[in-house]
Amino acid sequence: MKNEFLTPAEAAERIRAGAVMTIAGDEALMAQLPQGKWIGGSTVYFMTQAGGKVDRERLFCSTLPEGSTANVRHLGVADLPGLADGYAAGGITLIIIPAFSQAHARFAEDGATYPRLFDQPLLGWISGVHLDDIGSVAPSVFDGATGTRHHEGAVLLHVALPQGAQPRLDIVNLFSQSEDPAQTVTFPEGGFAVKKAVINGAEVDFADYVTQHGFDTRLPLVADYAGANINVSFRAVDSVAHEVQFYAPVFPGVEYRLAAPQGDYVASFAAQAGTGGERMLSCNCILNYLYGELEGRSTGGFTGPVTFGEVAYVLLNQTLVKLDVAA
Amino acid sequence: MANEDILKRTLSDSGDLKGASLGTRILVNRLRVELRANPTTLSAKLAELKDYIARNPAAAAELAQA
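Chains as they are written, first to last, in the numbering used here: chain P, 3 to 329; chain W, 566 to 631.
Hints in this document: simulated from the structure, not taken from any laboratory.
Incorrect hints may appear among the rest.
Covered, in the sense of this in silico footprint (three residues per stretch, anywhere, with C-beta under 8 Å from a C-beta of chain W), are these stretches of chain P [as the list claims (entries may be wrong)]:
| id | region |
| --- | --- |
| 1 | 226-235 |
| 2 | 290-301 |
| 3 | 310-316 |
Keep in mind it's a predicted model, so treat the numbers as computed, not measured.
Just so it is clear, CB atoms sit at the ideal spot from N, CA and C, and this is done for glycine as well.
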């Protein structure tokens with residue numbers, strides 16, 4: 003895996019040479035690229051070797067191992083449940099979905115039930131825009147095979163890896179559940195927004211509860227998925243509408259706890275993420291970028307787009323997703 | 566094929582699947598939540614887990630070790 007910041011001209015040359023690539027950057031730059039075996043998504047935030055930065059001049063390009071072949075697809079919302087139909091045997095699939103789209107919501111709520119979804123590493127991210135442009139500019143994704151920009155649906159890069167390649171998909175989540183069982187939260191109804199929660203056996207107005215108990219909403223709710231910590235991040239607490247909004251859906255029947263407070267993000271990341279990020283495909287969350295104050299600060303070799311949501315089989319929040327393809 | 570008792574225990578437990586891949590953990594978590602919500606679906610959830618293992622043989626070893 004090769005991760006590079008390239009100019010549009012350099013990226014175009016790589017595409018014309020037949021490389022299989024995922025590309026992140028300003029949508030105006032991606033619109034200049036030729037057709038080929040690539041998918042792209044909009045963002046202007048990146049983690050680089052030198053640290054987090056905003057960049058509108060270059061494209062972050064990840065080139066899959068030489069010998070990889072790929073099939074590019076754009077799926078509309080109704081076709082998302084069939085995304086695994088395109089899986090190449092023994093391969094991996096990359097997915098990019100525009101933030102705030104119907105596809106974003108449908109994949110987040112239903113993706114884990116799609117047939118054969120877990121049969122190979124599925125990773126990707128939710129495309130975004132500069133935070134100042136939210137509401138005025140729609141996040142986009144690009145189907146490189148046709149050179150088409152989309153604001154809805156998902157683009158998929160189904161990759162057949164070279165013989166012997168061993169892909170390994172994992173996450174780095176610096177957050178863990180609070181050890182206080184009194185902070186266990188369940189929700190009678192799921193979704194990106196809730197009004198009610200059950201805490202200590204009692205149903206509560208969750209917006210009021212969060213406010214009255216002084217929740218630090220920069221910390222996510224964390225669920226334990228058979229030993230994997232999966233976050234749901236707070237988006238807004240509306241005390242007037244009595245509603246709490248999230249960046250990913252909560253699910254009924256899942257127990258959540260507020261994350262335990264953590265120290266400095268960069269120091270914690272260095273302790274947990276380890277080394278070897280240079281050869282991995284990775285993306286990190288805009289909330290980690292903001293709350294961890296990553297602009298100008300490095301997370302070592304783990305470079306890539308900073309995103310409005312991460313995908314490792316399912317939608318994640320405040321999590322780094324990493325794929326290692328060992329030869 | 567994994568031992569059926571192990572698979573039933575995997576679904577009825579709530580513990581960690583130590584050593585299991587991320588995909589296996591997320592899938593099993595979904596099956597566990599759905600089973601808790603409706604215990605009469607045990608056969609269907611077991612069948613879904615068996616199908617997954619049949620297509621992903623490494624998962625059987627992961628669950629046996631968990």
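Hint-by-hint comparison with the structure:
no.: 1; hint: 226-235; verdict: holds (count 6)
no.: 2; hint: 290-301; verdict: violated (count 0)
no.: 3; hint: 310-316; verdict: holds (count 3)
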